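A.B. asks: Chains as they are written, first to last, in the working numbering: chain A, 550 to 938; chain B, 550 to 938.
In short, the hints are calculated from the structure, not lab data. All of these numbers come straight from a predicted model, not from anything done at the bench. Some clues are possibly wrong.
Chain copies aren't distinguished; within one or between two, either way the pair holds.
[Unchecked claim] Calculated lysine-lysine pairs in the BS3-like style (CA-CA distance at most 30 Å, straight line):
#1 Lys799 with Lys611
#2 Lys789 with Lys611
#3 Lys591 with Lys573
#4 Lys792 with Lys907
#5 Lys612 with Lys591
#6 Lys612 with Lys637
#7 Lys789 with Lys735
#8 Lys588 with Lys604
#9 Lys907 with Lys684
#10 Lys927 with Lys799
#11 Lys838 with Lys591
#12 Lys792 with Lys637
#13 Lys591 with Lys604
#14 Lys792 with Lys612
#15 Lys684 with Lys604
#16 Lys789 with Lys751
#17 Lys684 with Lys881
#18 Lys611 with Lys591
#19 Lys588 with Lys927
#20 Lys565 with Lys620
#21 Lys907 with Lys799
#22 Lys706 with Lys620
#23 Lys838 with Lys573
#24 Lys637 with Lys907
#25 Lys907 with Lys878
#26 Lys838 with Lys792
#27 Lys588 with Lys612
One-letter residues, chain by chain:
2 protein chains.
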Amino acid sequence: MTDNSFAVAAIIDGLKRCLPAGYKSVGLHEPCFAGNEWKYVKDCLDTGWVSSVGKYVDLFEKKLAEYTGAKRAVAVVNGTAALHIALKLVGTERDDEVLVPALTFIATTNAITYCGAVPHFIDSEERTLGLDPHKLNDYLREIAEVRSEGCFNRKTKRRIRAVVPMHTFGHPVDLDPLAEVCVRFKLDLVEDAAESLGSFYKGCHTGNWGGLSTLSFNGNKTITTGGGGAIITNNEDLGKLAKHITTTAKVPHRWAFYHDQIGYNYRLPNINAALGCAQMEQLPDFLAKKRMLAERYFHEFTGIQGVRVFREPEFARSNYWLNTMVLDKENKMYRDVILEAANDCGIATRPAWTLMYKLPMFESCPRMDVSVAEDLEKRIINIPSSVFL
Amino acid sequence: MTDNSFAVAAIIDGLKRCLPAGYKSVGLHEPCFAGNEWKYVKDCLDTGWVSSVGKYVDLFEKKLAEYTGAKRAVAVVNGTAALHIALKLVGTERDDEVLVPALTFIATTNAITYCGAVPHFIDSEERTLGLDPHKLNDYLREIAEVRSEGCFNRKTKRRIRAVVPMHTFGHPVDLDPLAEVCVRFKLDLVEDAAESLGSFYKGCHTGNWGGLSTLSFNGNKTITTGGGGAIITNNEDLGKLAKHITTTAKVPHRWAFYHDQIGYNYRLPNINAALGCAQMEQLPDFLAKKRMLAERYFHEFTGIQGVRVFREPEFARSNYWLNTMVLDKENKMYRDVILEAANDCGIATRPAWTLMYKLPMFESCPRMDVSVAEDLEKRIINIPSSVFL
Chain A
550 MTDNSFAVAA IIDGLKRCLP AGYKSVGLHE PCFAGNEWKY VKDCLDTGWV SSVGKYVDLF
610 EKKLAEYTGA KRAVAVVNGT AALHIALKLV GTERDDEVLV PALTFIATTN AITYCGAVPH
670 FIDSEERTLG LDPHKLNDYL REIAEVRSEG CFNRKTKRRI RAVVPMHTFG HPVDLDPLAE
730 VCVRFKLDLV EDAAESLGSF YKGCHTGNWG GLSTLSFNGN KTITTGGGGA IITNNEDLGK
790 LAKHITTTAK VPHRWAFYHD QIGYNYRLPN INAALGCAQM EQLPDFLAKK RMLAERYFHE
850 FTGIQGVRVF REPEFARSNY WLNTMVLDKE NKMYRDVILE AANDCGIATR PAWTLMYKLP
910 MFESCPRMDV SVAEDLEKRI INIPSSVFL
Chain B
550 MTDNSFAVAA IIDGLKRCLP AGYKSVGLHE PCFAGNEWKY VKDCLDTGWV SSVGKYVDLF
610 EKKLAEYTGA KRAVAVVNGT AALHIALKLV GTERDDEVLV PALTFIATTN AITYCGAVPH
670 FIDSEERTLG LDPHKLNDYL REIAEVRSEG CFNRKTKRRI RAVVPMHTFG HPVDLDPLAE
730 VCVRFKLDLV EDAAESLGSF YKGCHTGNWG GLSTLSFNGN KTITTGGGGA IITNNEDLGK
790 LAKHITTTAK VPHRWAFYHD QIGYNYRLPN INAALGCAQM EQLPDFLAKK RMLAERYFHE
850 FTGIQGVRVF REPEFARSNY WLNTMVLDKE NKMYRDVILE AANDCGIATR PAWTLMYKLP
910 MFESCPRMDV SVAEDLEKRI INIPSSVFL
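Please construct the entire structure, taking both the sequences and the accompanying hints into account.
C.D. replies: Below, the structure is given as structure tokens:
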């Protein structure tokens, strides 16, 4: 108990030194509207163009494509919708399996179920906090059978359609070996880049390895549109199709209502896209400030025993969306004590997500040995990361 | 051809007399932001509360419940999402059938397929332009078998779970006999009130007959939130559950991420709800103005041969969301000529939606004789209906 209270006090003190003097309450990630947000939103209200008509959706999509280096971006209501459509477009069908890290946000897994498919949980690696491509490779050698038409799970007999890595807290997964695994096992790669706008892998923006990738602009993300997300792709045909089925699959006509397939009402409203345009203008500044905050955390925590602040993998330049403390293995029993103490003194902190297979609706889904994810779940604490800190 | 050109010219002239002098181009239904929209939206930006945090979602839900007389309203991203969740909550499962008018917007039918269920198309009546409860009753007598556990289709052997009437262009369906049919055949009633905010059936707001009903606030609706919708219900448990599963089914906790079932990211962002609050304040004024415009159309078209402007059924007070011309049966061959002529001179007009079973993805779905809907589809033309006209 002496060690416990000592370690906890040192960590809370370290956090306090990184935060603005005299703070009362600090959120985990709050938005920053310091640019043209009001100007663009007011323009929507003045012209009446808040919904499906208006220029901001096109402009936002253009800005996203330019920034990420993808050929096409399609703005949608949120990251979950983006994942649902991306999985549909790689052909995910009822009773397929989709590989997904056990350590991820619920959206990644829910989107798989919206296709009628079954999540199949994969382990993570400590180096990236994301999916471990080498361990996945070994696992697939063991359980998968590659046929001319695709990859099948020998045990369940189901087709394994795709793998959905998620760039945890903004830190890129090791994409090159993962892409190799996908080629070897005939799997589609759908990057869940919800948390990694502004994060680069070997100099190229995340979201460019899969056929389709997804972004999120929820209120807690690096940039926000209120609620919003996007599908990005380098395949122009898939981009067109993504736009079509996220806008009810209506065939363009001066007046007739003809829809040529089952579509979705997933289009981002113009007023939300207006926010997004203003936020994108500030993204480089946001990223610079977030990197400075991360540096401050590294510096302050260097001397604190029993914990480290997570740094981007050597192959990546991360957006540091959410800064993360990783407790040493022998200190994991203090996680909840630290969470309690920090939140009690107004510093918002949170653990990683509950591992997916521990949730009642996914407990019977297939999974590999996920011992690294299990260990990480007990050691991760996210700490305040807003731009204005 | 003489009759044709004569009739068309008279109709276009009638429309012109109802529109503001000197107009250049008139949309079908454009939003009107004449109230506190700026104030509330700016408040969101100033406080940073644009997304999941903020007071406007709660306030908007309260205003909707008060106005419609329902016990609970749950704001969501759009009307399609509202329908999806309402159908889920009445228990719609994979391979169930759901009864739906052939004459409806695609959203009603798509939402059924999102549950893995099969749409079963029903005829409409000329008196309401909506589902015909008497014809439905006769049809169900013929094809349905009522067992202790519910209603089954004798031919397909599938369970018939629910019926989803849609209040076409804002005009209420004849709800009392429909509710009787639902009791008789053990069907859940889910009202698609997307178009009927402000429409009353026998003095009570539409959306109060089913266990769950849905609203839409798309950019073309009577009030708009950019994109948005709501589930309304008089069952408080269902209301709570609707809120829970539209917000990822996360169990409230100071920091832990635990979700107890498959949920959806369907919450309306706070910035969109802020628009909705301002719009709701103006709803009585909008409705009064829409009624005046409808009166103007009735008056101008009284003397025009071969067409009538649709009036609310005798049991209803309609919001006149979209004013509607109904061509006489012998004039239906002029529909497209009128659409062409009106749109050519800047007056937005459109026909009814293509009947659902004519779309490729629904052509093999079961349907009754839908001869009235087929006839109406050829005779309906929607005409400009914005509040500011």
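A.B. asks: Taking the hints in turn, state whether each one holds.
C.D. replies: Hint by hint, here is what the structure shows:
In this assembly of identical chains, the alpha carbons of Lys799 and Lys611 lie at most 30 Å apart only when taken from the same copy (22 Å versus 34 Å across copies). In the homo-oligomer, the alpha carbons of Lys789 and Lys611 lie at most 30 Å apart inside one protomer (14 Å), although the nearest pairing across protomers, at 39 Å, exceeds that limit. In this homomeric assembly, Lys591 and Lys573 come within 30 Å of each other (Cα to Cα) only across copies, at 24 Å, whereas the closest approach inside a single copy is 32 Å. For a Cα distance limit of 30 Å, the shortest separation of Lys792 from Lys907 across copies, 23 Å, qualifies, whereas the shortest one inside one copy, 35 Å, does not.
Taking CA atoms no more than 30 Å apart as the test, Lys612 paired with Lys591 passes in both settings, with 20 Å inside one copy and 24 Å between copies. Taking CA atoms no more than 30 Å apart as the test, Lys612 paired with Lys637 passes inside one copy only; the shortest distance there is 25 Å, against 37 Å between copies. When the C-alpha separation of Lys789 and Lys735 is checked against a cutoff of 30 Å, the pair qualifies only within one copy, where the shortest distance is 24 Å, while the shortest distance between copies is 43 Å. When the C-alpha separation of Lys588 and Lys604 is checked against a cutoff of 30 Å, the pair qualifies both within a copy, at 14 Å, and between copies, at 23 Å.
Taking identical chains as interchangeable, the C-alpha atoms of Lys907 and Lys684 lie at most 30 Å apart only when both belong to the same chain, with a minimum of 21 Å there against 50 Å between chains. Within a single copy, Lys927 and Lys799 get their C-alpha atoms only as close as 48 Å, which misses the 30 Å cut-off; across copies the closest is 20 Å, which meets it. For a Cα distance limit of 30 Å, the shortest separation of Lys838 from Lys591 qualifies both inside one copy, at 27 Å, and across copies, at 25 Å. Taking CA atoms no more than 30 Å apart as the test, Lys792 paired with Lys637 passes in both settings, with 13 Å inside one copy and 26 Å between copies.
Taking identical chains as interchangeable, the C-alpha atoms of Lys591 and Lys604 lie at most 30 Å apart whether they share a chain (13 Å) or sit on different chains (20 Å). Proximity of Lys792 and Lys612 under a CA criterion of 30 Å is satisfied intra-copy only: 16 Å inside one chain copy versus 34 Å between copies. Proximity of Lys684 and Lys604 under a CA criterion of 30 Å is satisfied in neither setting, with 46 Å inside one chain copy and 46 Å between copies. In this assembly of identical chains, Lys789 and Lys751 lie within 30 Å of each other by CA distance solely inside one copy; the values are 28 Å within and 47 Å between copies.
In this assembly of identical chains, the alpha carbons of Lys684 and Lys881 lie at most 30 Å apart only when taken from the same copy (24 Å versus 67 Å across copies). In this homomeric assembly, Lys611 and Lys591 come within 30 Å of each other (Cα to Cα) both inside a single copy, at 21 Å, and across copies, at 26 Å. Taking the shortest alpha-carbon separations for Lys588 and Lys927, neither the intra-copy value of 45 Å nor the inter-copy value of 45 Å comes in at or below 30 Å. In the homo-oligomer, the alpha carbons of Lys565 and Lys620 never lie at most 30 Å apart, since the shortest distance is 43 Å inside one protomer and 45 Å across protomers.
Proximity of Lys907 and Lys799 under a CA criterion of 30 Å is satisfied inter-copy only: 14 Å between copies versus 40 Å inside one chain copy. Taking the closest pair of Cα atoms, Lys706 and Lys620 never come within 30 Å of each other, the shortest separation being 36 Å inside a single copy and 48 Å across copies. Taking the closest pair of Cα atoms, Lys838 and Lys573 come within 30 Å of each other only inside a single copy of the chain (21 Å); across copies the shortest separation is 49 Å, beyond that limit. Taking identical chains as interchangeable, the C-alpha atoms of Lys637 and Lys907 lie at most 30 Å apart whether they share a chain (26 Å) or sit on different chains (24 Å).
With identical chains, the CA atoms of Lys907 and Lys878 are at most 30 Å apart within one copy only, with a shortest distance of 21 Å there and 62 Å across copies. Proximity of Lys838 to Lys792 under the C-alpha cut-off of 30 Å is found in neither arrangement, the shortest distances being 33 Å within a copy and 36 Å between copies. Taking CA atoms no more than 30 Å apart as the test, Lys588 paired with Lys612 passes in both settings, with 18 Å inside one copy and 28 Å between copies.
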